[in-house]
Amino acid sequence: MKLLEQLLKELGADPSYGITLVPRQCCYVKNVKSVDYFSSEEVRLSCGGLRLTVEGKNMRVGQYFEGDLMLKGDVTGVRIE
Amino acid sequence: MNNLAKIRVTSTVENALKKLRKAEISVYDCKKRGADFIFCVKDKDIKKVFAIFAKPCYNIVVERESLAKRLLSGAVLRVGILTGAVVFAAAAFLSNFFILKIEVEGSGAYLKSAVLQIIGEEGAGEWKPFSSLDVPVASGRILSLPGVTFCNISKRGSVLSVDVEADGHANYKVSRDNLVSDVSGKVAGLAAICGTAAVSTGDAVSVGDVLIYAGTMVGDKFESGIAVGYAEIECKKTAEYSAPDDSEESIRRAYASLLLDKDRVISRSHFIEPSEDGVLIIMEINYLHKISINLT
Numbered sequence: 001m002k003l004l005e006q007l008l009k010e011l012g013a014d015p016s017y018g019i020t021l022v023p024r025q026c027c028y029v030k031n032v033k034s035v036d037y038f039s040s041e042e043v044r045l046s047c048g049g050l051r052l053t054v055e056g057k058n059m060r061v062g063q064y065f066e067g068d069l070m071l072k073g074d075v076t077g078v079r080i081e
Numbered sequence: 082m083n084n085l086a087k088i089r090v091t092s093t094v095e096n097a098l099k100k101l102r103k104a105e106i107s108v109y110d111c112k113k114r115g116a117d118f119i120f121c122v123k124d125k126d127i128k129k130v131f132a133i134f135a136k137p138c139y140n141i142v143v144e145r146e147s148l149a150k151r152l153l154s155g156a157v158l159r160v161g162i163l164t165g166a167v168v169f170a171a172a173a174f175l176s177n178f179f180i181l182k183i184e185v186e187g188s189g190a191y192l193k194s195a196v197l198q199i200i201g202e203e204g205a206g207e208w209k210p211f212s213s214l215d216v217p218v219a220s221g222r223i224l225s226l227p228g229v230t231f232c233n234i235s236k237r238g239s240v241l242s243v244d245v246e247a248d249g250h251a252n253y254k255v256s257r258d259n260l261v262s263d264v265s266g267k268v269a270g271l272a273a274i275c276g277t278a279a280v281s282t283g284d285a286v287s288v289g290d291v292l293i294y295a296g297t298m299v300g301d302k303f304e305s306g307i308a309v310g311y312a313e314i315e316c317k318k319t320a321e322y323s324a325p326d327d328s329e330e331s332i333r334r335a336y337a338s339l340l341l342d343k344d345r346v347i348s349r350s351h352f353i354e355p356s357e358d359g360v361l362i363i364m365e366i367n368y369l370h371k372i373s374i375n376l377t
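So the sequences go chain by chain: A and B. FYI, the numbering used here numbers position 75 of the first sequence as 75, with every residue one higher than the one before it. FYI, the numbering used here numbers position 28 of the second sequence as 109, with every residue one higher than the one before it.
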């Protein structure tokens, strides 16, 4: 985690935005402003100025609180627009 | 998490999550089922959730309460059973300190009345606490009863168990048979403490003859009872013993071979005849054979 923090710092990235993906298990997204679309195969999220599309199967929201969203299920990919 | 309640609301996932996020409610395990959105929230947030979805008339229900709440509801519904169980447990616990029954066991159980009297005098009794019994003093007094060799007072649940062991007398079993002669001879003496004497001194008896009847004649009727007494029968025995010679040792061995350990010898004589292997010691012996019944 220290390495990640160092890299983010060097890149000048905002650490409050981040996506953690564990393929076929879960996807953790920070700073989610809204859930724009939800189905078990696709979830569209608004995170600040970004729009994320999480794809997978049998997806469900494991936890959603204060902008932190955990999607559980067979997550196959994340697309950023 | 056990403190999560499952809620079903007829709404789009997007709208519902938007409202929940705005209200800063933490939601868990969300999924879509047809037109319904199912999610879990902590117990403390249920009221807030209902407030959010109260307008404009969302169809919202709690599908399943949290485990803690279900247990609490179950306990409230079964308050009678739970109270009964608590009262029973308390009664069982308290009854452990009191004597509800006194048992006298062991071979000295025939002394039950005396034992119970001692136990009572030393503070024990039904519905009295165990602590009121002076165990060492009670044990000592029970041990001083005739024939008692061992005494142990113990608590077994709410039962006071007194184990009393007495000597062989306690295990003695009364015979209800007649005293019957097991030898042939002449009655030298007879004592019938109980029952009826069947023979007199000087009478000749054979094996199987009754010496004392277990009962008494009352008028013309024989009332059965027990025979207590003994008889001494004078018997005569002749025996032969082969020995290599007629030495003192051979004669001693010859008499020893008669095995008259319990019988009292009145007179004895012997004569010796030569044989092919040495000598033949021919012995004639008069002895008193004693038999008894229900005497220790």
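Check the hints yourself; a few may be wrong.
What the hints assert, rightly or not - Stretch by stretch, here's where chain B covers chain A in the computed footprint (C-beta under 8 angstroms, at least three residues): (1) 38-52; (2) 56-70.
Said to hold, decoys possible - Simulated crosslink set (SDA-like; lysine to any residue; CA at most 25 angstroms straight-line): (3) B:K99 to A:L3; (4) B:K267 to B:D344; (5) B:K100 to A:Y17.
Think of the hints as simulated: they come from the structure by calculation, not from any bench. Cβ coordinates follow ideal geometry from the N, Cα and C atoms, glycine included.
Do the hints match the structure? See the list:
1. 38-52: Result for this restraint: holds, n = 3.
2. 56-70: Result for this restraint: holds, n = 8.
3. B:K99 to A:L3: 34 angstroms, violated
4. B:K267 to B:D344: 14 angstroms, holds
5. B:K100 to A:Y17: 22 angstroms, holds
Hint 3 from the list above is the single one not met by this structure.
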